[in-house]
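J.: Residues per chain are reported as follows:
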Amino acid sequence: MNVPIQPPSAAETKACCAAAYGSDVVALLLGESYHPGGLGLTRRLADRLRLSGGDRVLDVASGRGASALLLSGEYDADVTGVDLSPTNIALANDAARSTGLADQTRFELGDAERLPVGDADFDAVVCECAFCTFPDKPTAAAELARVLRPGGRLGITDVTVDPTRLPPELSGLSGRIACVADARPLDEYTDILTGAGLTATRTERHDAAIAAMLDQIEARLMLVRMTARDQAEALGVDFDRAPTLIAAARAAIGDGVIGYALITAQKTV
Amino acid sequence: MIGAEPAPSPGPAPTGAVLRKQDRDEVFIEYTKSICPVCKVVVDGQVNIRDGKVYLRKRCRDHGVFEALVYGDAQMYLDSARFNKPGTIPLSFQTEVRDGCPSDCGLCPEHKQHACLGIIEVNTGCNLDCPICFADSGHQPDGYSITLEQCERMLDVFVESEGEAEVVMFSGGEPTIHKQILEFIDAAQARPIRSVNLNTNGLRLASDKAFVAALAQRNQPAWAVNIYLQFDGLEERTHREIRGRDLRAIKRRALDNCAEAGLTVTLVAAVERGVNDHELGAIIEYGLAHPAVRSVSFQPVTHSGRHVEFDPLTRLTNSDIIHAIAQQLPDWFQAKDFFPVPCCFPACRSITYLLSEGTPGTPEFTVVPIPRLLNVEDYLDYISNRVVPDLAVREALEKLWSASAFMGTDTTRDRLAQAAAALDCGDACGINLPEAVANLTDRAFMIVVQDFQDPYTLNVKQLMKCCVEEITPDGRLIPFCAYNSVGYREQVREHMSGVPVADVVPNALPLRPILTDSPYGSKIARNGHDGRSRSAADATNVGRRIR
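Line order of the protein sequences matches chains A and B. Its first residue numbered 1, the first sequence is counted upward by one per residue in this note's numbering. Its first residue numbered 1, the second sequence is counted upward by one per residue in this note's numbering.
These are computed hints drawn from the structure, not numbers from a lab. Ideal Cβ positions, reconstructed from N, Cα and C, are used throughout, including at glycine. Mixed in with the good hints, there may be bad ones.
Taking CB as the label site, the calculated pair distances span [as the list claims (entries may be wrong)]:
{"hint": "1", "chain 1": "B", "residue 1": "211", "chain 2": "A", "residue 2": "239", "range": "44 to 52 Å"}
{"hint": "2", "chain 1": "B", "residue 1": "361", "chain 2": "A", "residue 2": "207", "range": "31 to 39 Å"}
{"hint": "3", "chain 1": "B", "residue 1": "163", "chain 2": "A", "residue 2": "238", "range": "48 to 56 Å"}
{"hint": "4", "chain 1": "A", "residue 1": "207", "chain 2": "B", "residue 2": "395", "range": "31 to 39 Å"}
{"hint": "5", "chain 1": "A", "residue 1": "229", "chain 2": "B", "residue 2": "289", "range": "18 to 26 Å"}
{"hint": "6", "chain 1": "A", "residue 1": "207", "chain 2": "B", "residue 2": "50", "range": "29 to 37 Å"}
{"hint": "7", "chain 1": "A", "residue 1": "103", "chain 2": "B", "residue 2": "395", "range": "20 to 28 Å"}
Listed next, the stretches of chain A that the computed footprint assigns to chain B, with coverage defined by at least 3 CB atoms under 8 Å from CB atoms of chain B [unchecked claim]:
{"hint": "8", "region": "37-45"}
{"hint": "9", "region": "67-75"}
{"hint": "10", "region": "93-107"}
{"hint": "11", "region": "215-223"}
{"hint": "12", "region": "226-233"}
Chain A with its partners taken away, still in its complex shape (with noise of 0.2 Å):
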């Protein structure tokens, strides 16, 4: 989330999160299956989901496969995970294999904004902290609703931050910050998911799971300090600079400035 690296040359006028999001730094900071919550949250989002055995499930940013394996292991669901990074396909694929749950779990390489599913072929979505990585929030809302079956359900938990709050350390950055830079409002998502054909059904919040999370950034943080200092400020991270920036976040979070919610919504019928 909350990246000390320096300002960045070409990246910058690309959508600014999924840049960085797909970048080296956040890829050393996050790992790259990481999500607020963890397991625990991924659960309650399949609860709510009210998923249960033989549900067609799509899990969009799928990353290694740790939720959509939960999904078919624990809720006996059938899901197919889409991710944009083939070398997370070909894990996960493997995880699918070696956990014995392949012939209900599949992975495949695929955007969200073109997901590379038929129309209506699924009875629940789930995308965890992915959907504010979107650079056209619209057109993934749009191909979310699409592939759900009318009456299908969608489970979105993602990071919340109130722009106009922001405190200057972390707004001055926001262009370099992973998922806070393009991450919205609560209200504001659900508008996204409402034009698009979608009816949110319930909102919650989990701003301890970015708290967590942010435990977790500074402790890799002085982990990379520890083995790879060089390498590190080689990427672009500061690590004079951030101290200043954790605490920034902390503070934003304990503000309630920057959170996590989790949202479900239905397809119209």
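Starting from the known structure of chain A, arrange chain B on it as the hints suggest.
T.: Just chain B now, with coordinates in the frame of chain A:
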């Protein structure tokens, strides 16, 4: 009778007023069994939550009601229940089920876990006479020492039960004053036992460099010999109150000798409320700064054997220690950095690991608790997780969060490296973090918090899954907390020494009126209050019909 049941009374109501029912001031959460701390008879127990704390209460027909604090943070206690894994069945049991737990130790076929750690007490004699000693050891003329043959038999029983055993710990008494201690270590190393721990007060390590060298010579890759050093704090008062003399210089010399010889040390602190519970942070800092030390183990004083008078309702528990560590070192720790150990009962032991760099006290010094780097609960919460992200990472974490985990063993080093696989940052970042962390494992540091049970706190529910066993000369594996609480220690000592040994009774404030001194400095019940039979059969709910 020592105490009476706290009978909820509605109180007098004014004449003519409507009587109102009152609520109890506690939430009842468990029915279990325990023992009477005085006569050791098995009695019913109940666990209740009151004012956010967890208490065990029980009643003996002859001695009344007893209550003790067992967990200072009720929320943490309830949360810990998820960190419980299915037990492993040992290859052999040594006893049969006859009277039920805890009278059949052990291990009996009803026991829920194998022995992660086997303890061999080689003697009862000690070169110190500490005011606090759960083993009731000291300069005593009437104790016992085991022979090499007995030791070999005990090791064989352990191996028979475990196949390949993880760790054996030599303890006492003071094991380093046993003339054959090195032969005992050789005997352990001649068997499929991966590592040896020597539980010592450090006196001999401080003064006898040849002995330290002999230990170091036996400390080989894949056959580690590690030191478990009694170390309660850095203040003179702590030493005087817990050990009876100022041992600070001796401890320092023992540690320096170990460092010089390349021996890995765990600092083991017996922590008593109001004595050294303010020194937890200082002990961790001291350990991090000393080259020999790779872990610290904090143990609330076990109120078995010899100890100073205490109040069972305000005794220290695991959560008190964890909160105190977070409070004393707020820049490094949060309470949630500690996770319960799932191999034993999760309320018994919590562990965290950390990576550090630099010298404590300098600005560059950095500490990173490993649980902040990966979601430990995604792996060690066995109740919620039917699917885990990476089975190899779970396997590594369950070895690290176990009673057999000791720093300085190949197993622990390899498992730390394996757990680092969970720190993936993808190939993209150009830094192989898992590999970098694997190279850091020689800087990893472990902190263990373990509340052993005593006659006041014994809960059969926890005892049935205990994975730390005392190996007895007669070939039993007795759960450590049963050994110290139920009367087995006294039984074994009496049998081995030929001198009658009375059941030790906790030096608890409410018991003061009926206590007298034992010959070893512990307390026993005065005439008329003594136990009728040790390891007494269950006195309640034994199948009698009401008519």
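J.: Looking only at beta-carbon atoms, does the pair residue 207 of chain A, residue 50 of chain B fall within the given range of 29 to 37 Å?
T.: Since residue 207 of chain A and residue 50 of chain B have Cβ atoms about 31 Å apart, the given range 29 to 37 Å holds.
J.: Can the region 215-223 of chain A be counted as covered by chain B under the rule of three residues or more with Cβ-Cβ separation shorter than 8 Å?
T.: holds (count 7)
J.: How does the coverage statement for the region 93-107 of chain A fare against chain B, requiring three or more residues with Cβ below 8 Å from a Cβ of that chain?
T.: Satisfied; 4 residues make the cut.
J.: Measuring from beta carbon to beta carbon, are residue 163 of chain B and residue 238 of chain A in 48 to 56 Å?
T.: Check passed, 53 Å falls within 48 to 56 Å.
J.: Can you tell me whether the CB distance of residue 103 of chain A to residue 395 of chain B sits inside 20 to 28 Å?
T.: 25 Å, holds
J.: Indicate whether the distance between the beta carbons of residue 229 of chain A and residue 289 of chain B respects the range 18 to 26 Å.
T.: Since the Cβ atoms of residue 229 of chain A and residue 289 of chain B sit about 22 Å apart, the hinted range of 18 to 26 Å holds.
J.: Would you say the C-beta atoms of residue 207 of chain A and residue 395 of chain B sit inside 31 to 39 Å of each other?
T.: 33 Å, holds
J.: Would you check chain B against the region 226-233 of chain A, counting CB to CB pairs closer than 8 Å, and say if three or more residues qualify?
T.: holds (count 5)
J.: Counting residues of the region 67-75 of chain A that have a beta-carbon nearer than 8 Å to any beta-carbon of chain B, does the count reach 3?
T.: holds (count 5)
J.: Is it true that residue 211 of chain B and residue 239 of chain A lie within 44 to 52 Å of each other by Cβ?
T.: 46 Å, holds
J.: How about the region 37-45 of chain A: do at least three of its residues have a C-beta closer than 8 Å to a C-beta of chain B?
T.: holds (count 4)
J.: Is 31 to 39 Å respected by the C-beta to C-beta distance linking residue 361 of chain B and residue 207 of chain A?
T.: At roughly 35 Å between Cβ atoms, residue 207 of chain A and residue 361 of chain B fall inside 31 to 39 Å, so the hint holds.
Of the numbered hints given earlier, the model fails none.
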